[in-house]
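Given chain A's structure and the hints, the job is docking chains B, C and D onto it.
Residue numbers (the numbering used here), protein chains in the order written: chain A, 1 to 318; chain B, 1 to 318; chain C, 1 to 331; chain D, 1 to 331.
By construction, these hints were calculated from the structure, which means they are not laboratory data. There may be inaccurate statements among the hints.
[To be verified] If you only want the chain C side, here are some residues facing chain A, beta carbon under 10 Å, derived:
no., residue
1, V128
2, S139
3, S304
4, R331
Please read these numbers as outputs of a predicted model, since none were measured by experiment. All C-beta atoms in this analysis are idealised placements derived from N, C-alpha and C, irrespective of residue type, glycine included.
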Amino acid sequence: MKREYTPTELLICLAARLFEDRTTAFIGTGIPMLAAALARKLYTPNLVPIFEFGGVGSPLEYLPRAVGEARTFHRAIWAAGICEIMETSQRGLVEYGFLGAAQIDPYGNLNTTVIGSYDHPKVRLPGAGGGNDVGSLCWRTIILMKHEKHRFVERLDFLTTPGYLEGGDSREKAGLPKGSGPYRVVTNLAVLGFDEKTKRMKLLSLNPGVTVEQVIENTGFELIIPDQVEVNDPPTEEELRVLREEIDPEGFYLETVSGQALDFVTFHCRKSRKTATVAIQRDRTGRIVDVLACSATDQECEQECQEAILKGMFKDNP
Amino acid sequence: MKREYTPTELLICLAARLFEDRTTAFIGTGIPMLAAALARKLYTPNLVPIFEFGGVGSPLEYLPRAVGEARTFHRAIWAAGICEIMETSQRGLVEYGFLGAAQIDPYGNLNTTVIGSYDHPKVRLPGAGGGNDVGSLCWRTIILMKHEKHRFVERLDFLTTPGYLEGGDSREKAGLPKGSGPYRVVTNLAVLGFDEKTKRMKLLSLNPGVTVEQVIENTGFELIIPDQVEVNDPPTEEELRVLREEIDPEGFYLETVSGQALDFVTFHCRKSRKTATVAIQRDRTGRIVDVLACSATDQECEQECQEAILKGMFKDNP
Amino acid sequence: MKHHQEGPFDTSQDPPTFVGSPDVEVFRSYLRQHKSFDLKEKVMSEHEAVARFVSDGDYIGFELYGTVRCPMSIAREIVRQRKKHLKVLGQGILEVDLLLAAGLVDYMDITYVGYEVYGVSPILRRAVEQGKVRTADWSNGAIAWRLKAAAMGVPFIPIRSMLGSEMLKTNGAVAMTDPYTGLEVVLLPALVLDVGIIHVHRADPYGNAQIDGIQGFAAELARASKKLIISAEEIVDPEEIRKYPERTIIPYFLVDAVVHAPFGSHPGEMAYMYERDEPHLKMYLQKIRTEEGAQEYLEEYVYSTANHEEYIEKVGGWDRMKVLSKLAVKR
Amino acid sequence: MKHHQEGPFDTSQDPPTFVGSPDVEVFRSYLRQHKSFDLKEKVMSEHEAVARFVSDGDYIGFELYGTVRCPMSIAREIVRQRKKHLKVLGQGILEVDLLLAAGLVDYMDITYVGYEVYGVSPILRRAVEQGKVRTADWSNGAIAWRLKAAAMGVPFIPIRSMLGSEMLKTNGAVAMTDPYTGLEVVLLPALVLDVGIIHVHRADPYGNAQIDGIQGFAAELARASKKLIISAEEIVDPEEIRKYPERTIIPYFLVDAVVHAPFGSHPGEMAYMYERDEPHLKMYLQKIRTEEGAQEYLEEYVYSTANHEEYIEKVGGWDRMKVLSKLAVKR
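In isolation and in its complexed conformation, chain A is listed as follows (with noise of 0.2 Å):
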């Protein structure tokens, strides 16, 4: 039996399983949240979270869709700032970061700053934000891309966040911390590591059904192509089930069948003569399925109002 399923569910599940137990990862937005919810679930039980603006520990009741919002602290160990991330993480206590960009070069330095010049920009980026700190001072570095020639440059537009720089010893040289750096680029297409001493980019292995060309096709650069490459193994059942299921079970990253939205109605409460806000949850249909708060407060007359809510009756009810 094939399963199916995404390209992102693919991405999540190959950096799920990269990590090693008992580390601390910095955890962004979007795939990284669910890789790390995946490998605590199934992989790294004791991997802790740690995400830029202070939440730290924090078992992830509740899937985060920001990285300063309450669910990344919801039962934290630690709720800090800022500046004790960043020295926490610059004192050697963070082994993962995942990093995104617009551009990779073979040495795994990152753009994502501007397309074009600085000075007049084809395409303004959002900035370095922590990709920049997270890069330089992690242990180990994990780089989600999408696998595309022009994304795959000899040369970045903009170097924003420091890989090997020139290779060999030469990040080390500028002052970054030893032995740190860029460790796995996972794409769309395969895995991708560096070469120890010249710290080039390397294929290690192809995504289920790619091959050593298309890879070759879609960089803009030489890669190191050794002579036996692997092949990843597919998500398994219990992966897209666990990040299915368990983790984004309303959708929100995931672009499953459930996904759902929040939304909000008014409602005309015959019981108190009072006009309610009240948040519900739609699915991709614009069906509601579920009725989350109310503005009123007695109980009683909620779930009067929800039954109503979910059959629609809100609509004609002014």
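Only chains B, C and D this time, still in chain A's reference frame:
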């Protein structure tokens, strides 16, 4: 009527009169605590006490006996840490600081490190403590000294805390904050300041009954003596009353007749048939004047004990 | 180290000067002259706070970030009063984008302006790509550390990130070799703000403030600001502050204005109190895709609302706020 | 800058090395190798904590100071186990004086050892004047800032005190000119401790710790230590920590040992919990005036008590502790 007062009380009153309202003052143990408390009560009600270990803005309802103890931040605005406080001062928010020393030179430089050579000291003094930070970072420091020839010296055995260094603009040239430095030296003989240009020490006013000659005799370097030297008012009746009755009623710092000391006694309680530990206060003659707390929890019992203890009955109560 | 011509670093001066000055001597004198240690009440409206403490040309910094604990009621008031030629710290996102959309910003020290899972900011793109705003780029840590240096009262702070990054060319920070270990470090210049703006969970009328959950860079920004506006969900009795003095994040003497702004972070969130307003955000993100849409959004939610109360009514009223409270993850 | 020969600065090395290393690269590797992120219980006795985590020759730092929140039960255990050739941070007073009196200290980075209103320390005087202990002198701020530099993971931190002081000759710190403002600053070398020892109000069994009242330099010292021993008045449920994560001063992964030590600061005080034991202190100060007296004190209160429980019995028992609690100033 001539008021009786001790040299310590005179120093406190002279120091208390120097503050400007709506400013902050670094408070050290002893005379500075009493001077700041006195100033708050009589002259500068908005003076904010700041303690180097973290306490800021306590109304000082309980007289502290150490710079880090709970009384320094009882009902305080802020209980911070050492770095925070020193940085607040480095940022220019602390106007006054008190300093003491074993030696002072003509430019207000201070020694609190060693008498003799550093390598083979005749006397090892306690060290810089927060004094160097206070003397470097506050806008105006008030130095409290015993006025003796071997303390007012041409050359320090060791320069712990900078005053005006070699005078003129040498303090600023060394990188210390512009416009900061020693403001007054308050001694048992006089109040001294510093010449605006040369930054050498200058007599400002004499304590009651002291002559210019006495000051010169007790100073180991040449002082600037202006033509007109005023005489400081002795402690007023109000100052003495507030000091003795409101600020240090138990005579912890002031050698008042009412001076009291904490002691513990054990007491066999007849009611509970248990031996309890009781905290009492003795006056300078050893007489028990107060019962503060008892390890027994029964209120009624405590009252009974209290009377017995005050009568000294615990002695024959094994 | 060559310096970027358009950057914040003016090498024609000796020593060179930055936009957002590292001159801690000037800062010392300013604070001595302007900060009061009086325990006086400073509660005022958004209108008064912005009118009195924000001037055209000021360098402004907002705390925190994204949709988290953002002082939006103050940001909207700055737009209403059309304070011009501002310099801003490009860390806040909703706040900064509002000012950018309103055309009030000349210069940014930027680390990140974007909407995380919802992608890049079209407002930022238009402003920078059309050359309306000068920028210098920094890492997120660097921005917070620059404020920390100012908070410490020192002209620079050494760090180990930003090494090898081209951002140094845009921002003019220099590297040096540590005399003790021989390690290379970047010296970040201290960043002193004209105006700091922070939204907190509670403050007393004097400005003593407490924050629940993550602390962001509130402590650093408060200490690095010449003028400081605090907005608070709740105004509390000073005795509550005095009872737990270790919880004071911002002591009153740093604060110039205290604004009572319940749901002041809307459409953003406030930890343990209310959720972010996802439907409003999505509508906003839809609008700002075009210049016209962005202006429509400003017109409807900022210019045509006279104050925070009217804004709340416009976005769904207190009933909707109550529901957002109910949705929040509690302790 | 000339360096004092007896100081902590060894100029024969290139780059020169300090007693209490500023080498943050070595520190990074140590922490990566030795710190665990497992949520495992670390509660143990003073005896076990000291036996496992303090070695002869270690550089030890105590927090806090004077008679305030001092980890005395750990200090006494170090004396009992006669750990030798120690280097110590000369900031703690009761703790440091105990180690000095027991002859266990070879070297001190000293800022202040004295008894405030009760004057200089005769123990310190004898140790230094008789040449038994090498010293380097620093300001109080400098000591805390050196720990802060290590906590930040950078090899130095700039400050504006210590300029013009002869202490620089004893400690080897160098000054430099800030490239941005032209201001002169002292570069303090980071101070990485072998062992940090901190007494807190409460900790969970993993080591997550909270402190009431002033924070001293607990945060900095905890982060600057290779090995970290926490003693706590109270061991609490981890859920209490998770409920208020912003109150965590020391996160568990920094901690190697958690010791339950009620009245662990005796004869010192613990804010909001108990008063310092003034009569015991006066007796102690009387004793330590002479070398013989100091040894008698050690014999009676340290060597002849097997552990913290026996010490408490010796100084007056839990009844006396209860009275000290009643005397404490409450919130």
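*Hint numbers not upheld by this structure, sorted from lowest to highest*: Per hint list: single violation, 3.
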